[in-house]
Structure formats: C-alpha cells, structure tokens
Amino acid sequence: METRLLPAILVAALVIILPVFFPSGYYYRIGALVFIFALAVVGLNLLMGFAGQVSLGHAGFLGIGAYAVAIGPVHFGAPSWLCVFVGAILSGAVAFVVGRPILKLKGHYLAVATLGFGLLVAIVLNNEAGWTGGPDGMNVPALTLFGWRVHGSDAWYWIAGATFVGGFLLALNLMESPTGRALQAIHDSEIAARVLGIDVARKKLTVFIISAMYASVAGSFLALFNGLVTPDVAGFLGSIELVAMVVLGGMGSIFGSLVGAAVLVVLPQVLTVFHDYEQAMLGLIVMVFMIFLRQGIVPSVTVALAGWRK
Amino acid sequence: MAELLQFAFSGLTVGAIYALVALGFTLIYNASDIINFAQGEFVMLGGMTTVFMAMAGVPLPLAALIAIVVTTGVGLALHRFAIAPARGASPVALIMITIGASVFLRGVAQIVFDKRFHSLPPLFGADPIQFGGAAILPQSLVVLAGAAVIVVLLWLFVERTLLGKAVIATAANRLAARLIGVDTRRIVDFSFAVSAAIGAIAGILVTPITLTSYDVGTLLALKGFAAAMLGGIGSPLGAVVGGLLIGMIEALCAGYLSSSYKDAAAFLIILVVLVAMPQGLFGRVKVERV
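These protein sequence lines map, in sequence, to chains A and B.
Going by our numbering, the final residue of the first sequence carries number 503, and the count climbs one at a time with no gaps.
Going by our numbering, the final residue of the second sequence carries number 378, and the count climbs one at a time with no gaps.
Worth flagging that the hints you see were computed from the coordinates, not collected in a lab.
Don't be surprised by glycine CBs; every beta carbon is placed ideally from N, CA and C.
Don't take every hint at face value.
What the hints assert, rightly or not - Cβ-Cβ distance ranges computed for the label pairs, FRET-style:
hint, chain 1, residue 1, chain 2, residue 2, range
1, B, F212, A, I384, 57 to 65 Å
2, A, F278, B, V240, 57 to 65 Å
3, B, L307, A, S370, 49 to 57 Å
4, B, L307, A, A335, 55 to 63 Å
5, B, A260, A, L430, 17 to 25 Å
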C-alpha cells in the first residue's frame, strides 16, 4: 500500500510546490494545461503501456468530453459539472460499443481501426453545425461549483492538479489490482494470459473504457478552461499528440505520462517564436523517440540511474 | 441516368487516385510488413513541388519530372533514415515512425511551400466533354489513363523482370528470399522509392481537378489505406479494385446522401471491413484475431 501512496504523495507535493516558482500568472495556465493533458495521457498509457493496445483515435473521446460540457449547458441547460460526468459516461458507452469489435484486432489493424473511429468523431463534430457550431466551434459556459464560478488560470491549475493526482492514484491502484495484473499478463503474452484463465477480450475492453473516460474528463476540463471548443480537439493531430506524449514519457510508466505531457505542452510555448515549425518538430520528436529511445524518457532515466548506482 | 453517370465518373477519377495510393501501400507492405502512413504525403509532395517549380518558371513537364525525382528521394530517405535504423521494432512503433514522418513532412511542406491551395493547368484544357448527358473533364481521362499505365507497367515489371521476381520473392518469404541471394534490404529500398514515385505521379495528375495543399496527405493516405483494406491488404489487384470502389461509394454517397459526410464513408468502410471481413475482397493474408 505504501509503495503506491508514496508516488502519489510526491506528485501531489509537486502540484502544491510548483507555483512557488511561477514568475507570473501565465505559468498557471501552462501548468493547468500540463495536468489536463497528463490526465488523458495516463488513461491512454493504461491502454498502451499496460494492456499493449494502441489507440490512434483517442482525441475522439477528448472531443466527446469537450462537447459534452459545451452542448449540455447550451442546448439543455444542464449544469457543467454534471455534463463532465455525462460526457465521461457517454465516452465509456461509446468505447464499449466500438471497443467490442475493434479490440479483437491486433497491431496495425487496431491502429487503423481506432484512427478511423477518431476521424469519424471529428467529421460528425464538423458537420452537425446545428449542435456543435461546425468548424468554428462553440463557446463553453464557465463551470460553476456550489455557487462559485470557476475562472482564471490559477483556479484551473488547482482543479486540474487535484484531478490529476486523483487519476494518478487511481491508475496506480488499478495496475496493482487483479485487472491490472491481468492486463500486464496480456501485454506479455495473450496466449499465456488466456491459458491462465484471463478473459482477454473483456479485460482489454475494460481498460479501453477506462482510458476513454480519462480522456473524456480531460476533454471536458480543456473545453471549460479554454471557454471555447472546436472540432480540432478531436482531430487526427490531437490523437497523435496524445500518443506522442505517452511514448515520450514512457509506455507503461504512469509518472512518465506527466513528463510526456509536460514536454509536449511546454515545448511549443518555449518555441512560440518558431510557431510555424511546431508540426515539423512534433513529427521529428515522434520519429526520433520511436527510433532511438523507444522506452521513453522516464524508463530510460530509471535504467540509467540504476546502472549508475551499481 | 445522366446523373448517375456523372457521379460514377467523378467517383472513378478520385478512385483511380485512391487506387494508386493503395498500390503504394501494398508495395511497401509486401516488401516490409510496414504500413506507411506517409504515403499521402508523397501525393502532396508531387503536387506541391510541381506547383512551386512551375511558379518559379520551370516548364511544366520538367517541373513534374523534378517533383517525381524529389519525392522518390524523400521516399528513399524515409526508409534509410527512419525505417531501417528501427529494425526489429514492433508494428506499432513502426506505424508511429511513419506517422511521425507524415506529420514532419507536412510541417516542412508548410514552411517550404505555404498553407494555401494550389492548382495546375489541366493537360488538355478545361472544357468538359459531353458523354451520355454527363460532363467529363479531360483531366479525368488523363488521371484514369495515367493510373492504368502505372498499373500495367507495374504488372509487367513484376511479372517479366528479374528484379520484379525478387520483389515477389521478398513479399512471399523474406528469409527464403535472402537464402536464394535476394538483397531484401535493397528490395525494400526500391519499394519505398517506387511507392513514392507513384504517389508523386498521382499527386501531379489529380492537382488540376482537386487542388493541392500541404495537408491533403492525411485523408488521401487513410482513404488509400481503406482501399487497400477493402481489396485485401497485400493484394495489388485488390488495391486497384478497392480504390475504385471507395471512390465510387464516396461519389455516390456525396451525390445521393450527404456531401458533407462523404469522407465518413471511407472510414465506415475501414471499420466494417476490419470487423466483418478482415481478409478483404482479394486478400489471402489472415488477420490475427483473438
């Protein structure tokens, strides 16, 4: 138990201490974005790093969550906080329906099927202009919690940070649960897992649904935080960015999710001067990491440290 | 009836382009088991390079030739510098590399070229030919003829030349091919180069009709991939038939159902094919299922 609590406490401490070093309010904004993306990346990492299944359409779930908090309050007058949950449940339900057939596929077939799914979501969001505002997107009413209207980067920094710590702890616990062990067995060898009596299809579906709900909550937060949502959130590039964050931080490293998200959120801010180079940089980073550092940052550093200690 | 003919013809035209993209996929897949997501970028590079060469005052045929050579070089570089060093990586890692390459090429294209849409003058003018009540662009015929020539040349090459036999051998069994002295690495090199060239030609042919910009590659790659899936991945015949079919379905969907959802048709097909008949129409390879 303690071994699981310790990393979560460390991350919580990080969330609390970090603002001390923020020279301006702008840094709260970046911090909030890092934690929001990290939340989605933790979910995707459960799927990719632990269960060994790739999803190139995860931004689709980000989009469902984002539009839930936009459409719910605007068209149905529902409170935003409720819409976050509705979005997560909807994403879970969609993941259940879509996941059942496509998780039977493997390797690049699975990659392409999830990619197709993500693009379908983006196409629907683009075309149902009556509901979604089409390619221009729509405004998202601010979140109101117990009469407190949440606005400002610092407020969102704390909400996103706290939610991330919660999601982080949940993910660590999940990995140590029977389901988590079963997933790791599936990752190592599906056949061996099946021989052990693990219901492979069901476990994969479970983690797919969980990762979809993580992404959905992150999407809701992103939309509420920005006060605006466009179909780009669900686009192809969004999915690639999420996968890149997982790969960068390290597949199978929950803490790596935070590192991967931080690098890819902070880097474009540092490189604003080179705004035009953003896409080229993203592509290059993905390529270089997949060729030379397939383990990702955190696992590589861990291995290096362990070697150095000896 | 005239309406149907009109839709069918525009479907065949885009279908021919999808078929060429799918053919490029198939070539690389057969030689190396790699799904190359940067295939669409080859089409984009072919079109864009020609446009910018022509704008710089280079005569059109020469500009097209330069574009093909440049794109072929990019294809070779992709294999040499990105795919080959990652030998032994998992299929997913390799997919991520080609996706990274695709995003990278797009990013570079928007810096080197620009973000606007561009066109090229059609080869035989822009006056449509009337045929059975449908108006057909001369350039459509050029696209179809070009695609047919490429398919026939490729078929002749594979069937009639020693290098072509080596390609077949590599596709059938890489280890066995190496045992009988085929340099499979060179064959993979070669398949990347040819795929890139085919993509570039497709891009040049279709630009007068559909226009081109730095980001046309993604959709083309996915639809080409859908075509390859539909036809049965690994089957060149399947790639061509699948491409034409997807083009037709898309055009009919745009004509009779909803033009804004025509792009969705290809992805629905991907999902249905993957789930219901993963071997595709002409495929022999079985998908590993759990």
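Should the hint that L307(B) and A335(A) are 55 to 63 Å apart at their CB atoms be regarded as holding? Distance hint for L307(B), A335(A) is violated at roughly 35 Å.
Can you tell me whether the CB distance of F278(A) to V240(B) sits inside 57 to 65 Å? Since the Cβ atoms of F278(A) and V240(B) sit about 59 Å apart, the hinted range of 57 to 65 Å holds.
Do the beta carbons of F212(B) and I384(A) sit within 57 to 65 Å of each other? Once the Cβ atoms are compared, 59 Å apart, the range 57 to 65 Å for I384(A) and F212(B) holds.
Whether the CB-CB distance between L307(B) and S370(A) falls inside 49 to 57 Å: For L307(B) and S370(A) the Cβ distance comes to about 41 Å; the hint is violated.
I want to verify a distance hint. Is the separation of the beta carbons of A260(B) and L430(A) within 17 to 25 Å? violated, 37 Å
Violation of the numbered hints given earlier is confined to hints 3, 4 and 5; the remaining hints are satisfied by the structure.
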